[in-house]
Amino acid sequence: MPLLWNYSYKNISTRKLTSSLTIFGIALVVFVFTAVLMLSNGLNQTLVDTGAEDNAIVIRRASQTEIQSIIYRSMANIIKTDPAIKIDSNGTPMVTNEILVLINLPKRSNSKFSNVPVRGVTPMSLEIRPQFKIIKGRMWRPGTSEVIAGVKAASTFKGCGMGETVHFGMRDWKIVGIFETGGSGFESELWGDVDQLMDAFGRPVFSSLTMKLKSSNQFDGLKARLENDPRLNVEVKREKEYYRDQSSSTTLFINILGIIISIIFSLGAIVGAMITMYAAVANRTVEIGTLRALGFSRTTVLFAFLTESLFISLIGGLIGLITASFLRFIEVSTTNWDTFAELAFSFRLSPRIAVQAIIFALVMGIIGGFLPAVRAARFRIINALRAK
Amino acid sequence: MSEVFVQLQSIYKSYWRDSLEIPVLYNINLNIAEGEFLALMGPSGSGKTTLLNLIAGIDKPSQGEVIVNGQHIDGLSENALARWRSQNIGFIFQFYNLMPVLNAFENVELPLLLTKMNKKERRQHVETALSIVGLSDRMKHYPNQLSGGQEQRVAIARAIVTDPNLILADEPTGDLDKQSEEEIMNLLSRLNGEFNKTIIMVTHDPRAAEKAHIIRHLDKGELYD
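Protein chains in written order, with the numbering used here: chain A, 416 to 803; chain B, 387 to 611.
Derived by calculation from the structure, the hints in this document are not laboratory data.
In this text the structure is predicted, and so the values were computed from the model without any measurement.
C-beta atoms are modelled at their ideal positions from N, C-alpha and C, and glycine is treated no differently.
It is possible that some hints are incorrect.
Stated by the list, open to error - Pairs of lysine-lysine residues, derived as PhoX-like cross-links and limited to a Cα-Cα distance of at most 25 Å, are as follows: (1) A/LYS652 with A/LYS501; (2) A/LYS629 with A/LYS548; (3) B/LYS506 with A/LYS425; (4) B/LYS526 with B/LYS505; (5) A/LYS573 with A/LYS551; (6) A/LYS551 with A/LYS589; (7) A/LYS527 with A/LYS548; (8) A/LYS501 with A/LYS522; (9) B/LYS505 with A/LYS431; (10) A/LYS425 with B/LYS597; (11) A/LYS527 with A/LYS589; (12) A/LYS589 with A/LYS573; (13) A/LYS495 with A/LYS655; (14) B/LYS505 with A/LYS425; (15) A/LYS425 with B/LYS502.
To be verified - Selected chain A positions facing chain B (in silico; Cβ < 10 Å): (16) LEU418; (17) THR429; (18) ALA491; (19) LYS495; (20) GLN611; (21) GLY710; (22) THR714; (23) LEU729; (24) SER740.
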């Protein structure tokens, strides 16, 4: 611990105005930095949570997403016989063939149209996604024009609320239930009977097959078998990895944009910290001379001023971080650039982000405080003692 | 006769301003015995403070040697000098030079932070030093809550808290009223007489100088009896 930490700390509390302004500047930068990371993490986690570790998804080779993928029924029948697929208590393989189509609906907030994913599912779809839960209404009945809406789709889009009717595929579809899936991306979708939706959209092919594995370590064997089967032209991914990949373009964009903004802001905060610390050094020249005359070394004086700068940046960092943490109560929606579907998600704070934000604040403190601290340490004692 | 404690041999000191050399001290030779109380007098600009700074090791002579308690301090590195000062010198300044954000206790404690003492030992030393200067009841007071005389007494407590042998005082009464001046000079006399501290004091004030055993005069950089 620096010898003069008490002196450093008390100087901050004494210079309330200048310290507060610098703390505010650093807090603002840390707030922006943390918000960007939370946004990116929220998007990423929402999609990652969509997948399960022991689920695998099969799409056509070279398709980035289900939207672009085609799986013929003949291919689906071959895939369903793979020995890695878990068998349920009724002796049925836990695999579901689904279609995913984008439709265009107006938002409740501004009536602007945006893409909503409609997923054709089977009863098995619910078995392999245990996080699925109907929170209002009921499940759709097979063979009807009924759909259920994810809780985020219901709140975001007109016509998707409980009991409302939405028109697509040349039919009116009644919303008979609202479901949750633990905050995952499925909550931004509409789900209906896969056969009805294939018929409505005139699509005789599936988009994907999702299956529960007997165990997670069966994945490599499954992947090798299916991808090397000459009758199939498919790609197999772990469901979690598939959804993580789907967020890559958008999170990359958010990260790059956010970090550029943070860096530009941080330059301002660093200059602010530097001005504060230079002023502190100039106002305390005699004190510095006295400390040196008493026997404190240049290094101790340097650390005293650096500590002061670090105190300021730490306080600013904590304020910025705590303020940003309230963003987790805000939900945003954006178009996922990988799927072009509207995805609703929340800002998410993680211990890693908190540590990154505090390190970022401390780095600003070190950079802003270093030169003034060096200046303080380089004073000649006799000159410092004579300063007015 | 006590042993020589401070020895200045053929000291010459000059400063450079751009390319102009400004001599400050010429051929200073001075021996000060252990337990001595010396007053250095002289007009402004005569080199009194410079001489004090050389003895304190916060400035170095251009020529000559400074020996304190057998140690040639003019040859020490900067870090070694800082360490040496913290162990051997107690400094008293004209304007007290207390840290305004620290209270009396914390100001006096400062030099002890450079020692290996634990918190309890530091507390004992600080309380002893403050009781010697009569400020046991002002420990929690900040400099702006003290009178000039009390501030200087805190500064004296800070100077003696590490129990140094040598106390250097630069115009210790220069900023005080008569009553406070009397108190401070009595305190310095007590430190010299009762605690056997060697004291070198720079002063303008003949009344303050009267308390010293020896008075030397500096004029235009030269030392006179």
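Structure-based check of each hint:
Distance hint between A/LYS652 and A/LYS501 is fulfilled; the C-alpha atoms sit about 16 Å from each other, no more than 25 Å. As the CA atoms of A/LYS629 and A/LYS548 are separated by approximately 23 Å, the hinted pair is consistent with the 25 Å bound. Between the alpha carbons of B/LYS506 and A/LYS425 the distance comes to roughly 22 Å, so the proposed pair stays at or under 25 Å and holds. For the proposed pair B/LYS526 and B/LYS505, the alpha carbon gap of about 17 Å is at most 25 Å, so the pair holds.
Restraint check for A/LYS573 and A/LYS551: the C-alpha separation of about 17 Å stays at or below 25 Å, so the hint holds. Distance hint between A/LYS551 and A/LYS589 is fulfilled; the C-alpha atoms sit about 14 Å from each other, no more than 25 Å. Between A/LYS527 and A/LYS548 the alpha-carbon distance is near 29 Å, which puts this suggested pair outside the 25 Å criterion. In summary, the hint linking A/LYS501 to A/LYS522 is not supported, as the alpha carbons are separated by about 40 Å, beyond the 25 Å threshold.
For a cut-off of 25 Å, the pair hint linking B/LYS505 to A/LYS431 is broken: about 29 Å separates their Cα positions. Distance restraint check for A/LYS425 and B/LYS597: the Cα-Cα separation of roughly 39 Å exceeds the 25 Å cut-off, and the hinted pair is therefore not satisfied. Straight-line distance between C-alpha atoms of A/LYS527 and A/LYS589 comes to about 22 Å, which keeps the hinted pair within the 25 Å bound. Taking the CA atoms of A/LYS589 and A/LYS573, the gap is about 13 Å. The hint holds against a cut of 25 Å.
Only pairs whose Cα atoms come within 25 Å are accepted, and A/LYS495 paired with A/LYS655 is accepted, the gap being roughly 20 Å. Our distance criterion of 25 Å between C-alpha atoms is met by B/LYS505 and A/LYS425, whose separation comes to about 19 Å. Straight-line distance between C-alpha atoms of A/LYS425 and B/LYS502 comes to about 23 Å, which keeps the hinted pair within the 25 Å bound. The interface hint given for A/LEU418 is met, as the beta carbon of that residue sits about 5 Å from the closest beta carbon of chain B, less than 10 Å.
Checking A/THR429 against chain B: minimum C-beta separation of about 5 Å stays under 10 Å; hint holds. For A/ALA491, the suggested interface contact is broken, since its CB lies about 76 Å from the closest CB of chain B, more than 10 Å. For A/LYS495, the interface hint is violated, since its Cβ never comes within 10 Å of a Cβ in chain B; the closest pair sits about 74 Å apart. Interface restraint check for A/GLN611: the shortest CB-CB distance to chain B comes to about 76 Å, outside 10 Å, so the restraint is violated.
Hint status for A/GLY710 relative to chain B: holds, with the closest Cβ pair at about 3 Å, below 10 Å. At about 8 Å, the closest approach between the beta carbon of A/THR714 and any beta carbon in chain B falls short of 10 Å, and the interface hint on this residue holds. Hint on A/LEU729 is violated. Least Cβ distance to chain B is approximately 19 Å, over the 10 Å limit. A cut of 10 Å between beta carbons decides the hint on A/SER740: the least distance to chain B is about 32 Å, and the hint is violated.
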